[in-house]
Amino acid sequence: MKEVDRIEVCETPLNVAAEYAALQGNSGDGACALFVGSVRDFNAGRDVCGLNLEYYPGMTEKSLQGIARDARRRWPLGRVTIVHRVGPMQINDEIVFVGVTSPHRQAAFAACQYIMDRLKTEAPFWKREAVADQAGNAIERWVEARASDVAEMEKWSAG
Amino acid sequence: MKEVDRIEVCETPLNVAAEYAALQGNSGDGACALFVGSVRDFNAGRDVCGLNLEYYPGMTEKSLQGIARDARRRWPLGRVTIVHRVGPMQINDEIVFVGVTSPHRQAAFAACQYIMDRLKTEAPFWKREAVADQAGNAIERWVEARASDVAEMEKWSAG
Amino acid sequence: MVKILFFARLRQQLGTGEITLADFSGSLAALRETLCEQHPEWATHLQRDDVRAALNQQLVDTSTAVGAGDEVAFFPPVTGG
Amino acid sequence: MVKILFFARLRQQLGTGEITLADFSGSLAALRETLCEQHPEWATHLQRDDVRAALNQQLVDTSTAVGAGDEVAFFPPVTGG
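Line by line, the protein sequences give chains V, Z, A and G.
Using the numbering used here, the final residue of the first sequence is 167, and nothing's skipped along the way.
Using the numbering used here, the final residue of the second sequence is 167, and nothing's skipped along the way.
Using the numbering used here, the final residue of the third sequence is 1087, and nothing's skipped along the way.
Using the numbering used here, the final residue of the fourth sequence is 1087, and nothing's skipped along the way.
Quick caveat, the hints were computed from the structure, so don't treat them as lab data.
As the structure is a prediction and not an experimental result, all values here were calculated from the model.
Every residue gets a Cβ at the ideal spot worked out from N, C-alpha and C, and that includes glycine.
A hint or two may mislead.
[Stated by the list, open to error] DSSO-like mimics (lysine-lysine), calculated; alpha carbons at most 30 Å apart, straight line:
#, chain 1, residue 1, chain 2, residue 2
1, V, Lys163, Z, Lys163
2, A, Lys1009, V, Lys70
3, Z, Lys163, Z, Lys70
4, Z, Lys70, G, Lys1009
5, V, Lys70, V, Lys163
[As the list claims (entries may be wrong)] Quick list of simulated restraints, FRET-style, between CB atoms:
#, chain 1, residue 1, chain 2, residue 2, range
6, Z, Gly74, G, Ala1071, 19 to 29 Å
7, A, Ser1069, G, Asp1056, 56 to 66 Å
8, Z, Glu152, V, Phe50, 44 to 54 Å
9, G, Thr1050, Z, Gln73, 33 to 43 Å
10, V, Glu152, G, Ala1071, 55 to 65 Å
11, A, Ser1069, V, Ala159, 17 to 27 Å
12, V, Pro21, A, Glu1077, 26 to 36 Å
13, Z, Gly95, G, Glu1077, 20 to 30 Å
14, G, Ala1074, V, Ala26, 55 to 65 Å
[Claimed, not checked] Going by beta-carbon spacing under 10 Å, a handful of chain G positions derived as facing chain Z:
#, residue
15, Arg1017
16, Ala1060
17, Gln1063
18, Glu1077
19, Thr1085
Could you put together the complete structure from these sequences and hints?
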């Protein structure tokens, strides 16, 4: 069976090269779409020095498994990988890797984007940023959810 | 400047890990969308044993550069990489790597898909497959263009 | 007994990540009312429109019924990815 | 002089990948007519609706003007990626 999901929440750095090799190796599929999200150095008007990611052990994994399962119902997919890092991170560290293979390029793109859109709006992760305040001192703040992420998600039900 | 294009047509195997590292390293962008196309072992009802890719030296590179430039006009992109292999290939070999970075996930996905859709319909590459005939002998045939690729491309002008 | 979890900003605002309620049975909305009666200082945080709820690790709306043995969680909008 | 290239299936069908025409001036469609007059056996391949044309390495339609020093290419629909 080529229809394999790899779902992981980990505190260690993501290894994109290894994830891609495991995903595409012997999948037999011609199309592979990937998304990698990294820690940005700027958010909502402040310089970001670092990030800490909290999650809900148990529910987070179930949520990602459910999203992968729903993507399979919509598109013909070979392999699906969702790896999300939690805990403390630095600028440019990779937070999330989503990869899918399919016989069809459009299906691979759509499924990868769908998984990211749902992950962003429903998987229980919360970011706390370390930012510099006006005086240059590091302060921690919870990242605010963005309305644009909800809007992106809603297009999947409209279609 | 982070706005860098890497466009290459090569006869050597693609190195996805190295391409990703060069693309994302120090891009400063939070979002990175990638697509990798590989040689499938089945096409239009026949087992495929291998592939040979012909191109138009000079025009092919210009075509890819033009596609990357047009993608930048549509979306805010950091780095854009398009690497396409030519010459003889085996099953599961990677043919094409497209990667883009952006501050925005939607822009990264859209640009990556746009580049692939245009590449498929206008970049001068031609595939010749080695397939097994009814008697099991290997024969070579030119791959037929697919109407679905043209349809995918047309959605970008409609939008 | 119902186990109740709080995450992220809400956990910090309420000053606890986990409590239990003995003998509760009713809707999630009623459970939230009960918590706010017991801890009036929680109301401003727990009654916010954007607080989301999960029952046994599934996102649900506040009309969902809760009973003995259930795990309930309240948290702010998610910000992963 | 106009340089004319053929690629892929078309190159195999015509039996050549490159020819030159001295002193041609006119549209791409007229150039194609001229080639088919010189090589009647090419017409069935070169006049197909799906044959695409490039002028100086840019995709163009057959109304485009061609003159001395230009590089013209004819080829079947592309199948890369």
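So, going through the hints one by one against the coordinates:
At roughly 17 Å between alpha-carbon atoms, V/Lys163 and Z/Lys163 fall within 30 Å of each other, so this suggested pair holds. Taken as a hint, the A/Lys1009 and V/Lys70 pair is honoured in the structure, with Cα atoms around 19 Å apart against an allowance of 30 Å. Distance check on the hinted pair: Z/Lys163 and Z/Lys70 sit about 23 Å apart at the alpha-carbon level, within 30 Å; holds. As the CA atoms of Z/Lys70 and G/Lys1009 are separated by approximately 19 Å, the hinted pair is consistent with the 30 Å bound.
Annotation: proposed proximity of V/Lys70 to V/Lys163 holds, straight-line Cα distance about 23 Å (limit 30 Å). Separated by about 21 Å at the C-beta atoms, Z/Gly74 and G/Ala1071 satisfy the suggested range of 19 to 29 Å. Checked against the hint of 56 to 66 Å, the C-beta distance between A/Ser1069 and G/Asp1056 comes to roughly 59 Å, which is consistent with it. Against the hinted window of 44 to 54 Å, the Cβ-Cβ separation of Z/Glu152 and V/Phe50 comes to about 48 Å, which satisfies the hint.
The hint said 33 to 43 Å for the Cβ distance between G/Thr1050 and Z/Gln73, and at roughly 35 Å that hint holds. At roughly 58 Å, the beta carbons of V/Glu152 and G/Ala1071 sit within the given window of 55 to 65 Å. A beta carbon spacing of about 25 Å between A/Ser1069 and V/Ala159 agrees with the range 17 to 27 Å that was offered as a hint. Hint check: V/Pro21 to A/Glu1077, Cβ distance near 31 Å, so the stated range 26 to 36 Å holds.
A C-beta distance of roughly 23 Å is found between Z/Gly95 and G/Glu1077, which places it inside the suggested range of 20 to 30 Å. Distance hint check for G/Ala1074 and V/Ala26: the Cβ-Cβ separation is about 57 Å, which falls inside the suggested range of 55 to 65 Å. Restraint check, G/Arg1017 versus chain Z: the minimum CB separation of about 8 Å is within 10 Å; hint holds. Because the closest C-beta pair between G/Ala1060 and chain Z is about 6 Å apart, less than 10 Å, the hint holds.
For G/Gln1063, the shortest C-beta to C-beta distance to chain Z is roughly 4 Å, which falls under 10 Å, so the interface hint holds. With 10 Å as the threshold, the beta carbon of G/Glu1077 comes within range of chain Z, its nearest partner Cβ sitting at about 9 Å, so the hint holds. Checking G/Thr1085 against chain Z: minimum C-beta separation of about 5 Å stays under 10 Å; hint holds.
Against the hints set out earlier in the document, no violation occurs for any number.
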